Amino acid sequence: MTHRLAAVYAHPDDDTYGLAGTYALNQGNLALTVVVASSGEAGPIADSSLAAREHLAEIREREELAALAAVGADGADVHFLRFPDGGLADAPHEELVESITRVLREARPQVVVT
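Quick note on numbering: my numbering labels position 103 of the sequence shown as 368, and the sequence is numbered without any gaps.
It cannot be assumed that every hint is accurate.
As the list claims (entries may be wrong) - Ranges of calculated distance between the beta carbons of each label pair, as one might list FRET restraints:
1. Thr267 with Glu319: 31 to 41 Å
2. Ala356 with His320: 17 to 27 Å
3. Thr379 with Gly293: 22 to 32 Å
4. Arg347 with Val377: 13 to 23 Å
5. Met266 with Asp312: 38 to 48 Å
6. Arg370 with Gly340: 17 to 27 Å
7. Gly283 with Leu315: 21 to 31 Å
Think of the hints as simulated: they come from the structure by calculation, not from any bench.
Quick caveat: nothing in here was measured; it's all calculated off a predicted structure.
Using N, Cα and C, we set each Cβ at its ideal position, and we do this for glycine too.
Start from the sequences, fold in the hints, and give me the full structure.
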């Protein structure tokens, strides 16, 4: 039996920190939808030779997809909403809620984790 799970988080990789085991243990039995509100573009860059600020959002999104693949969830339906990182509290509330609601209505998850 396939279970429908939606994970709604602020940043790329937030979901895999808490749910990687769930994803891995339910491979083949999980219809996973991941909603990522921001792309993590304001995050720290530990080594400037590896990333430039202007490319960090793209890198963080690719890292999210790679993390999902690493735990067997590469078939997840991932939605990057691309609201400003570090500014979700100031983001247009109605627009943020509508964006998340639209994805959840389409996915019809049995469980939503945030």
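Here's how the hints hold up against the structure:
1. Thr267 with Glu319: 31 to 41 Å: holds, 40 Å
2. Ala356 with His320: 17 to 27 Å: holds, 22 Å
3. Thr379 with Gly293: 22 to 32 Å: For threonine 379 and glycine 293 the Cβ distance comes to about 24 Å; the hint holds.
4. Arg347 with Val377: 13 to 23 Å: holds, 20 Å
5. Met266 with Asp312: 38 to 48 Å: holds, 45 Å
6. Arg370 with Gly340: 17 to 27 Å: holds, 20 Å
7. Gly283 with Leu315: 21 to 31 Å: Taking Cβ atoms as reference, glycine 283 and leucine 315 lie about 25 Å apart, which means the hint holds.
Checked against the numbered hints listed earlier, the structure breaks none of them; every hint is satisfied.
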